[in-house]
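Protein sequence lines correspond, in order, to chains A and B. Using this note's numbering, the first residue of the first sequence is number 1026, and each one after it goes up by one. Using this note's numbering, the first residue of the second sequence is number 23, and each one after it goes up by one.
Just so you know, the hints here were simulated from the structure itself, not pulled from any lab data. Incorrect hints may appear among the rest.
[As the list claims (entries may be wrong)] Far from chain B, by Cβ distances over 12 Å, these chain A residues were calculated:
| id | residue |
| --- | --- |
| 1 | Gly1092 |
| 2 | Glu1104 |
| 3 | Gly1110 |
| 4 | Pro1258 |
| 5 | Ala1279 |
| 6 | Pro1281 |
[Said to hold, decoys possible] To list a few chain A residues with every Cβ distance to chain B over 10 Å, as calculated:
| id | residue |
| --- | --- |
| 7 | Arg1088 |
| 8 | Ala1151 |
| 9 | Ala1296 |
| 10 | Arg1321 |
[To be verified] Facing chain A, according to a computed beta carbon distance under 7 Å, are these residues of chain B, among others:
| id | residue |
| --- | --- |
| 11 | Leu33 |
| 12 | Leu35 |
| 13 | Thr36 |
| 14 | Leu43 |
| 15 | Arg44 |
| 16 | Leu91 |
| 17 | His434 |
Virtual Cβ for every residue (Gly too), placed ideally from N, Cα, C.
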Amino acid sequence: MTSARDLLRSRPEGLCCPEGQFFIDPVRPVERALITHGHADHARAGHGAVLATKETLDIMRLRYGEGFAGTVQEARPDEAISINGMRITFHPAGHVLGSAQIAVEANGARIVASGDYKRSRDPTCAPFEPIPCDVFITEATFALPVFTHPDPTHEVGQLLTSLKQFPERTHIVGAYTLGKAQRVIALLREAGYGETIYIHGALAKLCAYYESTGVPLGPLQAATVEEEGEAPPAGTVVVAPPAAIDDRWSRRFADPLACFASGWMRIRQRARQRGVELPLIISDHADWNELTDTIRETGAGEVWVTHGREEALVRWCELNGIMAKPLHLAGYEDEAE
Amino acid sequence: MERFAELLDRLVLTPARNGKLRLLTDYFTTVPDPDRGYGLAALTGGLDFPAVKPAMLRTLTTERVDPVLFAYSYDYVGDLAETVSLIWPADGGMEAPALSEVVERLSHASRSDAPAVMARLLDQLSPSGRFAAIKLATGGLRVGVSARLTKQALAAFGNVEVQEIEELWHGLAAPYTELFAWLEGKRPKPENAAKAPFRPVMLAHPAAEADFSTLDPEAYAAEWKWDGIRVQAVAEGGVRRLYSRTGDDISGAFPDLIEAMDFDAALDGELLVGDPREKTGTFSDLQQRLNRKTVSRTMLTNYPVFMRCYDLLLLGDRDARTLPYAERRSQLAAFVADLPGDRFDLSPEISFASWQELDDKRCHPPHPVIEGVMLKRKDSPYLPGRPKGPWFKWKRDPFTVDAVLMYAQRGHGKRSSFYSDYTFGVWSGPTEDPVLVPVGKAYFGFTDEELRQIDKYVRDNTVERFGPVRAVRADKSHGLVLEVAFEGLNRSTRHKSGIAMRFPRISRLRWDKPTHEADRIETLEGMLPPG
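Chain B extracted, bound-state conformation:
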């Protein structure tokens, strides 16, 4: 358990992706079975112990510690799990249980004996171990590591492609001993016995990497790239599952779509909100439905989901992935035609004779929820991962806005001595006396040299400091204008400006531009989706 606790402590403070991968592979290399398998399950969200609740921990603690001292401490620390883990009176000298033992005890705990089980665990662990046990028991490790990143670390550990792991994943269970045995070359690859497994998705390269002069428009089919989330709908032998593009099972959040999956096939497509016959909703509509474990009736009524189908992977018991795209597409068209029209439709193709024509269409899409076009070689099979050549995504050009730098925050790791995270704003209020209102934050898009320049600018123009943040002089006559590129805007009640930017990044430093020429909030409001 202590080794797992140490891993969590390091992960949460390690900002760099490569650093996290290193810590994870090191954990898988040095920790024996079955503990590393339970660690893997915990990091991929595969463990759930409903019997332990945070309120119970507070009660357990105040039974052992003076409530006034507890209150002082909680007030200072600010986090219940951390306060409990630190203030819990140490018993000393007890052997700390292994992670597998902790999982075993928690999974057998009933609602009535959970407090006793938890108290005994806390008695036996170090402060760090207690924190890990509490996080494990109450769910949500929140160490900045996704299930996807964990699987990538596994792939690096076993020197295999991450798709191979994703494909196997749903047939495996903690503590994953056969998976580790395969990754260490001690046993053959496990057979996936699960019904309706995930099949690794095929991904596209950006069109910027393509040399259109050498590509024959005749050889490619084109379709719109819709702004939802890529999903895979699989129904086999009565088992129905909806997967995210990384193989996470998200069926539970979409009972409306699952119910309509009355077929034997595996489909690739885009999950969107609305009714395909009438209306395709925006990404922010879809967000209402994302990252939920359960979904209310109102949600289902107000934000129904449907799937816009791109591809066919399996039909009955025939694997369609080896067929050329054109053949899969015609089978898909016939298949989708028989599905319920409120839940499924076929992604329309775009006819074009030349790249120029397609580019024009790309720049003037017929629907606001389109974010570009997809190109697919007509003769290409469906291949896992991101093969170079058969598929390209040609995104709509990003939106840009000229904003003024308002605050800068110090970065992490390599950038810890640089002010590298920038909050920027646009003008708002009366034109004769405008004020800057923050509209977003960006921390990439610039070169190392530009970073040095902005860092110097921030240090030379600081008007106020708040810990790691500096307020930078920004008024009508003085300030730094940043050209910010972004993928779209959502309405937001959490931001003062009422706007949330998607994927903002600094596209250019406008040293030349006077601040009063930066954009106004009305420009951004005009870009908001209707609603």
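Bound conformation, chain A alone:
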């Protein structure tokens, strides 16, 4: 009799299903990979066969080109797929467009790998669905009780206020290329900001892809054009990958005001260290309350905690009578957001 905890285990390549002979989000090329979402540390090129949602496959194709895997298979919502006797289902994780939790079932036991997820509202992707399970593998990026993400509309309001206070300065918003950037833009649109938003070149393809799937982002323009000296007018919003904020790239803008959209901005010292003037606490990962609420909702009797601050969440589970252990998976970027 297989129990849920035997369905998956940690291997150097990543989370492995020995009986099903597949890996979830492997960090090295494998025969068969199931991918939760398109972020580069979860979705790598070079696997034999890839099973993922249509959006994740599209995103991998955008990033790595047509031949990113030997064969691909699309996981449709609410459709069960059988792999070597394992029953596999994909369920929305609310992290970025196309992100999914992966449930693996056999002999009536079910284990769910959450991938990265969040519970707060995001106009750019389907909301997280809690899946009842025996073992829940949760991410732990923000697994400390000090991480409480405020309502993102409040944070976007801060950005709009600053644009009024400093109309002569270009507000450069550092935001992760896939997901965060589009979410920030969509939130700005929801808040009534109708002006052209200027985007870094690294965002162009993904923004166009989001729009093609029916996520309206409003008027966008490239922030950098070929001709030297051409920069967006002062007082506009530029969205760029975080690393570009204090790169030489930002020098072309009018007295740039560095903003950074990330859950890490909850900690003042983090903002200070990065030279961020306007921190925007907008995260695509669950905060402490979302993590603990989700663990309760799944009804899981056992929780495996991975990539992040495992020890705090394990402690919380112990205090709440839930069996828990840290699951050490190599190769994920702890701080990627």
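Given the coordinates of chain A, work out where chain B should sit on it, guided by the hints.
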């Protein structure tokens, strides 16, 4: 309260002075009375709630949160107030109190009910609001905004001179409603009813701005510019106060001087350490006495202060400020002669017949604690602020040293993509095998073009990175020599070199100079004041 919390959050991350001023004026414009007045009081250090202590906050929190989770969190965040503000279990749905309400509750809290008062506040506020409340309650907002800058924002908000606000300041109290009403043009200027008020000081322009060929040496008096802090000593009707040049009341830190102020007058002068009849101490001696709320007996014995008098603003009930300088000076001389000689003396005048003669004297001052000369037009009245023409400060030329660039750190704001903060060092150790020891850090003095050049140099010569800091190649055969100008040196136990520089800045880039010709630590040690 939330609006005040937001202001603090923005201020602490806004490096530019103008940016801070904008945020402050915006706060005064958009926040109604009385909250903005309490915000003003908090920023100018006018609120004090002795009943709340940091240790109490930790106890309150660990009563509500698992101590292990608290420890993990505190370890990660590194700041107690911030950890408590974030980890405090949210109650949700409660109306957040206004800043005035927070101040009201904290000021009525006794030592015994302070924990309950604080806990209730924390229940009602957002994480950001809690952080502000904790900082407010425990004192020290530490958002990089001085009382002076706050008053400058007020002046900009009301379109008045900052001296007008400084002059009124000590007659006013939180929540400053009559002050705001005046600044908004709704009421006349408040009358200053306070005893022994601060009178805005008269400041000098740098002599570099003066055209000596058109100035008549006969029309000016000269005196030494002493390296202490400028103060104003006011005693009126039994009230005695010592003010800094920006009008901060610093009486509490200098009971020895206050005790000797047995007169009815307002004097302008320099606060120095020592006994004027025997010894004038250095600025680093004086630093022992600065920025303290209270002062120990040992401090008073080892570092007694005195005032070297420059000017007379008030004598008895007569305002002397309208008199010409020469007249004020002779009255001052007579007045100081009767004061206790261990606490007061008269700043000596310098006789000179030509600018050349004065320049010679300036370059060879008779005392190490002199930092230049002051020129004062004999017929000028005492005017607030920095009027152009009557007073000039002619500083001694700065010291310079040739040092080697060792580390560069990225700047802030406009400079965030540039390596603009430079740590430099001089040679130390045996001459045949010297090592560089850092002696200071400078982030100005160069042009924008030079900044671009150094930035490129740093990027091309990086040997190691530590977050925003890069170590730059610097050895006997390779490196960039910077000529660093500074105003003086102090001994320091906090720096590896044992030396702290005052106002260091980059005066020249010595692309031409080989690194092994940079200065040695002994050169700097030779410039240290005795002691």
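We went through each hint and held it up to the structure:
Against the 12 Å criterion, glycine 1092 of chain A stays outside the reach of chain B, whose nearest CB is about 36 Å from its own CB. No Cβ of chain B approaches the Cβ of glutamate 1104 of chain A within 12 Å, the least distance being about 39 Å, so the stated non-interface status holds. Distance check for glycine 1110 of chain A against chain B: the nearest CB is about 41 Å away, which clears 12 Å, and the non-interface claim stands. Remark: the non-interface label on proline 1258 of chain A is consistent with the geometry, its nearest Cβ contact in chain B lying 17 Å away (cut-off 12 Å).
The Cβ of alanine 1279 of chain A does not lie farther than 12 Å from every Cβ of chain B; its closest approach is about 10 Å, which violates its non-interface assignment. Non-interface call for proline 1281 of chain A relative to chain B: violated, since the shortest CB-CB distance, roughly 7 Å, does not exceed 12 Å. With a cut of 10 Å on Cβ distances, arginine 1088 of chain A stays outside the contact zone with chain B, its closest approach being about 27 Å. With a least CB separation of 27 Å from chain B, alanine 1151 of chain A remains clear of the 10 Å interface cut-off, as annotated.
Listed as outside the interface, alanine 1296 of chain A is inconsistent with that label: its C-beta sits roughly 6 Å from the nearest C-beta of chain B, within the 10 Å cut-off. Distance check for arginine 1321 of chain A against chain B: the nearest CB is about 16 Å away, which clears 10 Å, and the non-interface claim stands. Checking leucine 33 of chain B against chain A: minimum C-beta separation of about 11 Å lies over 7 Å; hint violated. The criterion of a C-beta within 7 Å of any C-beta in chain A is met by leucine 35 of chain B, whose closest approach is roughly 5 Å, and the hint holds.
For threonine 36 of chain B, the interface hint holds, since its Cβ comes within 7 Å of a Cβ in chain A; the closest pair sits about 6 Å apart. Hint status for leucine 43 of chain B: violated, given a least beta-carbon distance of 11 Å to chain A, over 7 Å. At its closest, the beta carbon of arginine 44 of chain B sits 6 Å from a beta carbon of chain A; the interface hint therefore holds under the 7 Å criterion. Of the supplied interface hints, the one on leucine 91 of chain B holds, with its beta-carbon coming within about 5 Å of a beta-carbon of chain A, less than 7 Å.
Hint status for histidine 434 of chain B: holds, given a least beta-carbon distance of 5 Å to chain A, under 7 Å.
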